[in-house]
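Asker: If you read the sequences in order, they're chains A and B.
The opening residue of the first sequence carries number 1 in the working numbering; numbering runs sequentially from there.
The opening residue of the second sequence carries number 1 in the working numbering; numbering runs sequentially from there.
Just so you know, these hints were derived from the structure itself, not from any lab.
Where is the CB? At the ideal position from N, CA and C, for every residue including glycine.
Incorrect hints may have been included.
[Claimed, not checked] To give a feel for the contact side, a few chain B residues facing chain A, derived at Cβ under 7 Å: (1) R20; (2) E22; (3) R23; (4) Y31; (5) D33; (6) S53.
[What the hints assert, rightly or not] Label-pair distances were calculated between CB atoms; the ranges are: (7) B:L209 / A:G64: 54 to 62 Å; (8) B:L170 / A:L29: 51 to 59 Å; (9) B:R206 / A:D99: 32 to 40 Å; (10) A:G64 / B:R7: 16 to 24 Å.
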Amino acid sequence: MTEPMFLALTALLDEPRHGYGIVQEVERLSEGKVQLKIGTLYGVLDRLAAEDLVELDHEEVQSGRLRRYYRLTDAGEGALQTEVARLSGTLQAATARLDARRRAFTPRPSAAGGLA
Amino acid sequence: MTLLEQRYRFVLRMLPASYRAERAEEMVDAYLDSAGEVPDEDNPRPSWREVASVAALAVRTRAGGLGAAPRYRAMGDAVRLVALLGLGFHAVLGWYGLVGTLFSLGVVGSLPSEFVITDPAGQAWQLVSAATDLVGIAAFATLALGRVRAARILTYVGLLFLGVTLAQELFVWERPAVDELSYLLVTAVPAVALLLGQHRDAPVRRSSLLAVLPLGLVVLYVAAGFGITRDLAFYTGAGLDWMAGWIDPHGLSAVATVVAGVVCLARKAPPAWSLALAVVAALLGVLRAPVRYDVEGVFTQPLVATWAGQAAGLLLLAAALAVVSVRALPRAT
Numbered sequence: 001m002t003e004p005m006f007l008a009l010t011a012l013l014d015e016p017r018h019g020y021g022i023v024q025e026v027e028r029l030s031e032g033k034v035q036l037k038i039g040t041l042y043g044v045l046d047r048l049a050a051e052d053l054v055e056l057d058h059e060e061v062q063s064g065r066l067r068r069y070y071r072l073t074d075a076g077e078g079a080l081q082t083e084v085a086r087l088s089g090t091l092q093a094a095t096a097r098l099d100a101r102r103r104a105f106t107p108r109p110s111a112a113g114g115l116a
Numbered sequence: 001m002t003l004l005e006q007r008y009r010f011v012l013r014m015l016p017a018s019y020r021a022e023r024a025e026e027m028v029d030a031y032l033d034s035a036g037e038v039p040d041e042d043n044p045r046p047s048w049r050e051v052a053s054v055a056a057l058a059v060r061t062r063a064g065g066l067g068a069a070p071r072y073r074a075m076g077d078a079v080r081l082v083a084l085l086g087l088g089f090h091a092v093l094g095w096y097g098l099v100g101t102l103f104s105l106g107v108v109g110s111l112p113s114e115f116v117i118t119d120p121a122g123q124a125w126q127l128v129s130a131a132t133d134l135v136g137i138a139a140f141a142t143l144a145l146g147r148v149r150a151a152r153i154l155t156y157v158g159l160l161f162l163g164v165t166l167a168q169e170l171f172v173w174e175r176p177a178v179d180e181l182s183y184l185l186v187t188a189v190p191a192v193a194l195l196l197g198q199h200r201d202a203p204v205r206r207s208s209l210l211a212v213l214p215l216g217l218v219v220l221y222v223a224a225g226f227g228i229t230r231d232l233a234f235y236t237g238a239g240l241d242w243m244a245g246w247i248d249p250h251g252l253s254a255v256a257t258v259v260a261g262v263v264c265l266a267r268k269a270p271p272a273w274s275l276a277l278a279v280v281a282a283l284l285g286v287l288r289a290p291v292r293y294d295v296e297g298v299f300t301q302p303l304v305a306t307w308a309g310q311a312a313g314l315l316l317l318a319a320a321l322a323v324v325s326v327r328a329l330p331r332a333t
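Build out the structure end to end from the sequences listed, making use of the hints.
Answerer: Encoded structure:
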């Protein structure tokens, strides 16, 4: 699962959102690091919809413009859970190795009390 | 309608009509929300990043991958097949070139005089040529193993080398680089197909067997006594000039393409196969066109006539396959 797919699914966890709503939420979730362009967003939505991970929730017409809201499906929630478990495993492994490295490089007090 | 909306709708025209019918309105809504209020007096335009994202979507939609509509999936499969067959062709030529180098160095046997290079500059050139052969071999192998990014980089390195060779022919040696031009086309089209077809949504297939298939074909070819140890003079001397045009790697590739194309036409193969073979047949047809620069004046009339016949046959086959496959493509929904 790519990062934009992961973030778009996460953005739909709490409520259905329309295109720009997903863009805003993804930007918030990634602390401004991922700014989806509209072409990219719809490529992601096409892929997620093709895999039945998201589906159309409802449509609205606002100021004469069509607005479609998407929601997460049960399969989408499952895929997100699997990805979170995978990422958590990686994070734990990285944290454990960082701790081990830190311990290995921490200077030990000398038994002889050091040089006078 | 604001100027920005007009311009964004114009950008969206890159997308297939069926996709626009489904998605354009909500894309416009999302875009205008993200752009905010911009007065026409400011002469606003969608940023190049927005345009690039729509262009990439247009490519991904047309060269469809996983989840694409059947029509665009077939087109995408055809594009990916052109890349695979094109890179496979270059890998076969690469192995053939490497085997030639081994013969030339006396590692696996002796060669007729025309292959023996004693000039130091020629030997250096042979090393560069062997490096290019390796790049072609590795590009196909990485693609067959599902390492698309590596395949892409290697393909562009090969293309760059060919561009340099072409420039050298044209500007240093001042020769009409017709051979290199047609070869550049045969290299560039699969490279572009690789760029367009192997996107994020493209299905990834891995096959170790496919990766070594070009080597197997070359081993069979050499074991059968074709090429390498028999130069053009061998056939000319035996009065069989025309045969040289059939049993060299290009000639055999042409035969294989014609056989595959005829089978596709007779058995109503999936449109992706017919479409890909149409492109491959057209490329080989151009490569086989008898416009090659005859430096040493060794191309006899029967040989040139053989090439002309092959080129005409391949181009006719390409046209027939193109018509049949376009008709067989599923309709856009």
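Asker: Does S53 of chain B hold up as a contact with chain A if the rule is Cβ-Cβ below 7 Å?
Answerer: 3 Å, holds
Asker: Lying within 51 to 59 Å: is that true of the beta-carbon distance L170 of chain B to L29 of chain A?
Answerer: Holds, since L170 of chain B and L29 of chain A (Cβ atoms, about 54 Å apart) stay within the stated range.
Asker: Has the hinted range 16 to 24 Å been met by the Cβ atoms of G64 of chain A and R7 of chain B?
Answerer: 18 Å, holds
Asker: Would the hint on D33 of chain B be counted as holding, given a Cβ-Cβ threshold of 7 Å to chain A?
Answerer: 4 Å, holds
Asker: Was the hint right that Y31 of chain B lines chain A, CB cutoff 7 Å?
Answerer: Holds - the Cβ of Y31 of chain B comes within 7 Å of chain A, reaching about 5 Å at its closest.
Asker: Taking 7 Å as the limit, does the beta-carbon of R23 of chain B come near enough to a beta-carbon in chain A?
Answerer: 6 Å, holds
Asker: Lying within 54 to 62 Å: is that true of the beta-carbon distance L209 of chain B to G64 of chain A?
Answerer: 57 Å, holds
Asker: With respect to the beta-carbon atoms only, verify the hint that R206 of chain B and D99 of chain A lie 32 to 40 Å apart.
Answerer: 36 Å, holds
Asker: Have a go at the R20 of chain B hint: is there a Cβ in chain A nearer than 7 Å to its own Cβ?
Answerer: 11 Å, violated
Asker: Against chain A, is E22 of chain B within 7 Å by beta-carbon distance?
Answerer: 10 Å, violated
Hints 1, 2 from the list above are not met by this structure, while the remaining hints are.
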